[in-house]
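Chemist: Sequence:
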Amino acid sequence: MLVPSCLGRFRQNDQGSLHQALQPPACSASLQPNGQQPRSPKKKAIRSNTIIVRVSTVHASRRSRNAAARSNRRREAAEQADIDEAIQLGRRLGIILPQTATGIQAAPPSNTENRQEPLFGSYFDADIRDEWADSPIATHAEYFRLRRYAERRETIAQQWAELDNEATAAYLYNQQSTSNWTTPAANPSTNLSRCVCASKDISERRVDMIDIIHQHGGLLVKFCKCTPDVIRLIHYGYFACSADEPRTAFSIRLVQYHHFLWQASAVPDSAFIESLSSFLDTRTTSPLFNRGSNHKRRELRVPFTLCIDLYNRILNKSRKIYEDGLRFTSIDKWASKCPRCFGPILNEVRNPGEATVHLSMDGNFQQRHYAHSSKDCPVEDQYPELFLRPSKITTDIEQLAATDAVATGINKPHKAANDTRDGSTWDKCDDNGLFASTCRHDVPLIIANIHKTGEKLYYPLSIIRNFLVDFPDYKVGVLYDIGCHLEAHIKKRNLLSDRIADLQFGTSVFHAYVHEWSCQVKYNPRFNDGWGLTDGEGLERFWLFLSPLVSTLRVSTRLHRLTSIQSRAEYYSAKLTSSTADWLSKKSSDCTETIKSSASILRQLHALPNPTTPGTNYTNTFFERQWDLERNYHLNINQTREKARQELGHLLCLQEELDASLRRVATSTEQAISRAHACANIAIQIRNQRITIGAHALIDNLNS
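The opening position of the sequence shown corresponds to residue 19 in our numbering, with each subsequent residue numbered one higher.
Watch out, some of these pointers could steer you wrong.
As the list claims (entries may be wrong) - When the alpha-carbon atoms are kept at most 30 Å apart in a straight line, the in silico DSS-like pairs for lysine-lysine are as follows: (1) Lys351 - Lys605; (2) Lys605 - Lys335; (3) Lys410 - Lys509; (4) Lys338 - Lys351; (5) Lys335 - Lys410; (6) Lys240 - Lys218; (7) Lys351 - Lys240; (8) Lys470 - Lys446.
Claimed, not checked - Ranges between beta-carbon positions, derived for each pair: (9) Ile709 - Ile619: 48 to 54 Å; (10) Arg170 - Gly548: 35 to 41 Å; (11) Ile619 - Ala419: 47 to 53 Å; (12) Leu238 - His390: 40 to 46 Å; (13) Thr634 - Ser515: 47 to 53 Å; (14) Gly548 - Phe528: 46 to 52 Å; (15) Leu238 - Asn183: 27 to 33 Å; (16) Arg649 - Lys593: 57 to 63 Å; (17) Gln400 - Lys593: 25 to 31 Å; (18) Ile709 - Ala625: 52 to 58 Å; (19) Ile619 - Gln193: 55 to 61 Å.
None of these hints come from the bench; they were simulated from the model.
Every residue, glycine too, gets a C-beta built ideally from N, C-alpha and C.
Using the sequences provided together with the hints, build the complete structure.
Modeler: So this is what it looks like as structure tokens:
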């Protein structure tokens with residue numbers, strides 16, 4: 019009997035009456051006209067207004083009827099309890115309004131003309147669809163659907179996490195014993211090796227085994243209780259696609275090949291799987307179909323991505339074992355990223371005032387992530403090693419918020435990508451981009467994930483602060499598109515006060531020449547000592563390398579976005595490290611060529627007469643003296659202008675305070691007297707501040 023929970027109940031006495039009404043006539047037991055025996059009674063489906071009842075033409079015993087009645091009563095009681103619980107939950111959430119009236123309500127007047135017709139199929143009127151979209155019931159259902167989805171993902175992640183350590187050990191052992199799977203691994207169809215289970219604990223299951231040159235659909239594989247299925251498949255040379263009773267597995271060498279191919283070309287997983295399936299179908303007579311179907315091909319992209327995730331976790335744990343085994347310090351880990359910057363210093367001669375390392379910083383807002391594509395929220399332990407933890411950024415956010423009042427009078431940092439520009443695009447995103455740093459050799463060092471904001475001051479501040487923690491004795495040169503504003507904010511807010519003497523700021527070469535000349539004199543690396551030929555544009559080259567990932571990572575999960583960027587960054591760093599000799603040779607050639615061309619230009623200038631000193635030609639001493647005068651002039655002008663802007667900012671703050679006092683409503687005589695005294699004191703401060711600034715300076719700063 020099928021009884022929908024939302025419809026009326028079919029009582030037991032009604033069932034008996036219906037059963038008697040459906041009894042066959044007495045003549046049905048006689049012979050048929052052709053002389054054959056009567057057929058056995060068949061079950062008939064009776065459709066009523068409320069239920070569908072499947073009855074038989076055979077009498078049911080009293081015992082079975084009583085058992086059915088008891089079962090119906092228990093089921094009805096359980097369903098009624100579920101309904102009551104749902105109603106109470108709806109009332110708590112405000113979806114169902116509490117009943118205020120008591121007694122029996124009068125039936126509403128009949129109005130068949132204006133009554134809405136029932137909705138069939140998937141058609142909804144536009145007004146009804148908009149009303150349903152804003153309904154709290156739809157929001158309530160969407161919330162629980164997302165919660166169930168998140169709980170399911172969390173359960174699957176927990177199952178994989180329990181197997182990661184054992185899977186890493188099995189991978190490293192078999193990698194060594196099979197010479198990285200160049201020799202055959204164990205046969206899945208033969209007896210289990212290293213198994214101590216009894217024969218009753220050994221089971222067989224059909225698994226689709228996919229390799230780089232062949233595929234076996236529904237291959238019978240033996241499993242046991244002493245070894246998890248995922249680990250058993252690794253011994254066979256395959257990665258499982260599920261942590262619990264896997265039905266699909268990809269060979270380890272296939273996943274390894276995809277890993278190197280993806281690092282070099284960033285091929286999408288869907289395109290790779292489609293090409294692989296087409297290739298393997300030409301090498302077999304039985305292509306893979308969905309379970310229970312003989313015509314629909316299997317979709318292997320999702321299972322394959324699970325194998326990729328498992329392989330990436332194994333690689334990360336293998337690297338952690340390597341670092342722990344060698345007892346890497348924090349400096350050793352930095353040296354593994356760029357040995358040229360952080361490796362041992364041998365026979366190096368450096369100017370005492372020169373920076374030990376150079377940091378280039380920049381933001382990228384192409385690498386954003388759409389909020390609708392996934393709802394996962396990676397925790398700090400899941401952030402890759404290259405990424406800055408959100409908790410470390412939060413500290414700088416709070417510190418900047420506490421010093422906002424002090425920074426009054428400083429120009430806005432810049433308009434590259436703040437919260438007010440391009441807001442229609444950013445409304446769709448949860449992760450808006452990346453902010454990263456590289457060394458002078460273009461190796462990515464630290465990456466910060468920009469979450470629901472723009473290129474804020476706390477991102478470069480967090481990177482600098484966390485970098486200085488590991489290098490207490492280093493002098494650091496910072497190249498940033500707006501390094502001039504960055505230094506002004508840090509000094510004005512008194513940030514990094516204990517290490518500000520170890521920092522030197524500059525603007526990257528590509529942006530330096532669009533700054534004012536007074537800014538270039540101080541911050542252009544081509545006009546100042548200590549920078550060499552470092553251009554500060556290493557991140558532009560890094561963003562170009564990551565550009566093939568833009569479209570795919572916008573619709574991936576948030577965790578996949580972070581791990582993919584980490585993997586590509588590691589490959590990019592490894593390429594730069596392997597080409598160190600070529601890089602140094604090229605830079606040496608560039609330096610030699612620059613010195614030769616500069617010497618040639620100076621020789622031409624030395625042959626010209628100097629009009630300021632008749633009878634002599636231009637000399638290097640003359641040029642150096644003129645450049646020092648130029649620098650000192652602009653530096654002094656900048657300091658005077660900066661001080662005037664700060665004083666003007668203080669004046670504006672006082673004016674806002676006066677306006678707020680005048681708008682304040684006094685409800686008593688005491689409050690009115692207090693407001694008058696406050697306004698008088700602020701007015702005196704404003705008058706004194708205007709005298710300090712001066713009329714001409716005030717007008718100049720307002721115009722600028």
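Chemist: Evaluate each hint against the coordinates.
Modeler: Okay, the hints, checked on the actual structure:
Among the hinted pairs, Lys351 with Lys605 is consistent with the structure: their alpha-carbon atoms are about 26 Å apart, no more than 30 Å. For the hint pairing Lys605 with Lys335, the CA-to-CA distance comes to about 36 Å; that exceeds 30 Å, so the pair is violated. Proximity of Lys410 to Lys509 is assessed by CA-CA distance (about 21 Å); at most 30 Å being required, the pair is judged to hold. Proposed proximity of Lys338 and Lys351 is supported: the alpha carbons are some 11 Å apart, at most 30 Å.
With a C-alpha separation of about 24 Å, the suggested pairing of Lys335 with Lys410 holds against the 30 Å cut-off. The straight-line distance between the Cα atoms of Lys240 and Lys218 is roughly 12 Å, inside the 30 Å bound, and the hint therefore holds. As the CA atoms of Lys351 and Lys240 are separated by approximately 43 Å, the hinted pair breaks the 30 Å bound. Of the pairs offered as hints, the one joining Lys470 and Lys446 holds, with about 10 Å between alpha carbons and a cut-off of 30 Å not exceeded.
Range check, Ile709 to Ile619: Cβ separation about 51 Å, and the 48 to 54 Å hint holds. Taken as a hint, the range 35 to 41 Å is violated for the pair Arg170 and Gly548, whose Cβ atoms sit roughly 56 Å apart. With their beta carbons about 51 Å apart, Ile619 and Ala419 fall inside the hinted range of 47 to 53 Å. Separation of Leu238 from His390 is about 42 Å and conforms to the stated range, judged on CB atoms against 40 to 46 Å.
Separation of Thr634 from Ser515 is about 48 Å and conforms to the stated range, judged on CB atoms against 47 to 53 Å. Hint check: Gly548 to Phe528, Cβ distance near 19 Å, so the stated range 46 to 52 Å is violated. At about 29 Å, the beta-carbon gap between Leu238 and Asn183 stays in the expected band of 27 to 33 Å. Here the CB-CB span from Arg649 to Lys593 is close to 40 Å, at odds with the stated 57 to 63 Å.
About 26 Å separates the C-beta atoms of Gln400 and Lys593, a value consistent with the hinted range of 25 to 31 Å. Checked against the given bound of 52 to 58 Å, the beta carbons of Ile709 and Ala625, roughly 56 Å apart, stay inside it. Distance hint check for Ile619 and Gln193: the Cβ-Cβ separation is about 59 Å, which falls inside the suggested range of 55 to 61 Å.
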